[in-house]
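Trainee: The chain contents come next:
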Amino acid sequence: MENTSQVPVTVLTGFLGAGKTTLLNRILTEQHGRKYAVIVNEFGEQGIDNDLVVDADEEVFEMNNGCICCTVRGDLIRILSGLMKRADKLDAIIVETTGLADPAPVAQTFFVDQDVADRTKLDAIVTVADAVHLSSQLTEHHEAEEQIAFADVILLNKVDLVDESGLDRVKDRIKKINPFAKIINTTRCSAPLDEVVGLNAFSLDRILEVEPDFLESDHDHEHDDDVTSLSFVSDTPLDMDKFQDWFGNLLRTKGQDILRSKGILNFKGEEERYVFQGVHMLMDASPMGPWPKGKDRSSRVVFIGRDLDNMNLKEGFENCKSA
Amino acid sequence: MNADLEALQKSNKTELERRGSIFNIGAPATEAVTIRDQIAVGFGDGTVRFFQSGSDPKTVKAHKGVVLSMTNYEDHVLTGGDDGRFLKISSDGNIDEIFNFGSKWVDCVASHKDTKVCSSGKTVYIWTKNKDKPQTLDHQSTVAGLAFDNKGKRLAVSRYGGVTVWKLNNNKWTSSNFTWKGSHGTVTFSPDTKYIVTAMQENQIHGWRINDKADLAMRGYPSKIKSFTWVGDTPYLVTSGSSDAVCWPFDGKEGPMGRKPIVVANGGKELATFVKALNGEKAVFTGFTDGSVLLAEIDESQKPIMIRSSTGSEVSTIAISSDNSQILIGDMKGSILLSSLWADN
Numbered sequence: 001m002e003n004t005s006q007v008p009v010t011v012l013t014g015f016l017g018a019g020k021t022t023l024l025n026r027i028l029t030e031q032h033g034r035k036y037a038v039i040v041n042e043f044g045e046q047g048i049d050n051d052l053v054v055d056a057d058e059e060v061f062e063m064n065n066g067c068i069c070c071t072v073r074g075d076l077i078r079i080l081s082g083l084m085k086r087a088d089k090l091d092a093i094i095v096e097t098t099g100l101a102d103p104a105p106v107a108q109t110f111f112v113d114q115d116v117a118d119r120t121k122l123d124a125i126v127t128v129a130d131a132v133h134l135s136s137q138l139t140e141h142h143e144a145e146e147q148i149a150f151a152d153v154i155l156l157n158k159v160d161l162v163d164e165s166g167l168d169r170v171k172d173r174i175k176k177i178n179p180f181a182k183i184i185n186t187t188r189c190s191a192p193l194d195e196v197v198g199l200n201a202f203s204l205d206r207i208l209e210v211e212p213d214f215l216e217s218d219h220d221h222e223h224d225d226d227v228t229s230l231s232f233v234s235d236t237p238l239d240m241d242k243f244q245d246w247f248g249n250l251l252r253t254k255g256q257d258i259l260r261s262k263g264i265l266n267f268k269g270e271e272e273r274y275v276f277q278g279v280h281m282l283m284d285a286s287p288m289g290p291w292p293k294g295k296d297r298s299s300r301v302v303f304i305g306r307d308l309d310n311m312n313l314k315e316g317f318e319n320c321k322s323a
Numbered sequence: 001m002n003a004d005l006e007a008l009q010k011s012n013k014t015e016l017e018r019r020g021s022i023f024n025i026g027a028p029a030t031e032a033v034t035i036r037d038q039i040a041v042g043f044g045d046g047t048v049r050f051f052q053s054g055s056d057p058k059t060v061k062a063h064k065g066v067v068l069s070m071t072n073y074e075d076h077v078l079t080g081g082d083d084g085r086f087l088k089i090s091s092d093g094n095i096d097e098i099f100n101f102g103s104k105w106v107d108c109v110a111s112h113k114d115t116k117v118c119s120s121g122k123t124v125y126i127w128t129k130n131k132d133k134p135q136t137l138d139h140q141s142t143v144a145g146l147a148f149d150n151k152g153k154r155l156a157v158s159r160y161g162g163v164t165v166w167k168l169n170n171n172k173w174t175s176s177n178f179t180w181k182g183s184h185g186t187v188t189f190s191p192d193t194k195y196i197v198t199a200m201q202e203n204q205i206h207g208w209r210i211n212d213k214a215d216l217a218m219r220g221y222p223s224k225i226k227s228f229t230w231v232g233d234t235p236y237l238v239t240s241g242s243s244d245a246v247c248w249p250f251d252g253k254e255g256p257m258g259r260k261p262i263v264v265a266n267g268g269k270e271l272a273t274f275v276k277a278l279n280g281e282k283a284v285f286t287g288f289t290d291g292s293v294l295l296a297e298i299d300e301s302q303k304p305i306m307i308r309s310s311t312g313s314e315v316s317t318i319a320i321s322s323d324n325s326q327i328l329i330g331d332m333k334g335s336i337l338l339s340s341l342w343a344d345n
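Protein chains in written order, with the numbering used here: chain S, 1 to 323; chain C, 1 to 345.
Simulated from the structure, these hints should not be mistaken for lab results. For each residue, glycine too, the CB sits at the ideal point set by N, CA and C. There are no misleading hints in this set.
Not everything, but these chain C residues come out facing chain S in the computed CB check (under 8 Å):
hint, residue
1, A27
2, P28
3, T30
4, F43
5, D45
6, W105
7, G121
8, T142
All chains should be modelled from the sequences, with the hints used to inform the complete structure.
Mentor: Here's what the structure looks like:
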């Protein structure tokens, strides 16, 4: 259920030099009339003096809960619970991660810690990518690939420094890893802030907007990127018990290779839409109000990860259709 | 099991609410400590307010942001804030800045007699009497809790992976590590100093018998434990985090090992968020997620007493004046109840 008192949190990733600092400076200095707290990492480049900038240490902690890939950002739990004690209400919180950070522990923090989950919500993972250097970074660093894979929004920065065919090539590369992210072309991170902060991207409405034909035709085996995506659609209502069995087991056994999963589901006998989102083995599902009038009640699930071809995803999803 | 809270809530205002004063500060109450006949409360707007029966609270504008941590120190309070300042504050409003850490938060504070301690990041800073420069103790991860034993000889520092216990010998600190996988928060020594206990990031508390480092795992909580308090002579370690106040017995050689806790003050659907011992009695105040507070004896056959009715905001602090005459209850919305505990006061 949507809780309006939850403060939205934007996670900002991207390689060193891509333009994260430019964006953070804009968030802190522009007259936007909103109160944003920014959590920066100690190895960041900026030296911004502002009451609402908090230094963090990027302490990745393993949870002692038997979940093998379950790591969280311990410092983030501490800082977010501190920020929630402020008298003045924050409009949003932005968490910067270091260039080489794996986005998973940050995202998982919002699933694992109940206090964090009660008072904040992960709004969107925004990745700043350098249009000039992204291709070589994707080849050299798996972190770059993961940052693209996790993103809800990609700010493709420095587009003024590449020609049209170069831009098309880098976008193709991004779409092969993550066709679901919204790509915004920018120079000097000049995108309107309301397209970056406060998006409600994790609420998954946007999944419905992605064109399924594009996804299906995209799935080929020619490229080298080992992170891929798959999406399935069904107009037949799904059986809730079958889906829960399949999906729960899938995340338990293959969660390490599934970076992101998201979906919107039409269950037989249920009036409401169900949405879910997952990061590795952790997922969160909830009803999201009735289906919009005049729109098809179709279920859609999306997976981004490695080795997806060996998970029998299509067969598993098909088996969830109600008889 | 009876839902004590649900039955009691059907009545109107409590006796303590009728005879007490209610203040709406508008910022979350984060910490409360007792100094003589006053109770100092830190708030999410950076103020420290000194409450005393029969008068309006005195307000000290201490920190820019949130008062993150607070303890008493002689006739003063020590506070740590998210503005990076470590302060000594007197009840007449004098502020002495002990240190400014800039953009780093002062997460934890502690004191013993004339020693002032705070943590910022992974380092603990110790100021001893008449020394301007602090001694520093470094750790591998951010410090999440500080506690002196009752003699001030040992300082427990909780962190990721366990607790470091520092011991002062001939002006030199030596350390001993108590290890348990996971992230450890608030830490406490048992009153007899035989045990140390931490509240963990997972829904459990963890303890060690200090002499042999034997582990005590206390699990089964539905939520994180944010508060614990030592009660009575046994003593019991009473914790929040469940629909009851969970009371672990720490008597005998083995403490709570292999024993079940006593549970009192059932909150029904509400979870306990703050617990505070009533000094000198085998009884505990338990605050819940809805703002209500029960007083219960550590005796499952006794009915608890309703102290404060629901405010809709979770209880974040409870303090009792040093003479046991006054109680102060604060919640996350900044509502404060100050009341005399006894009818003849």
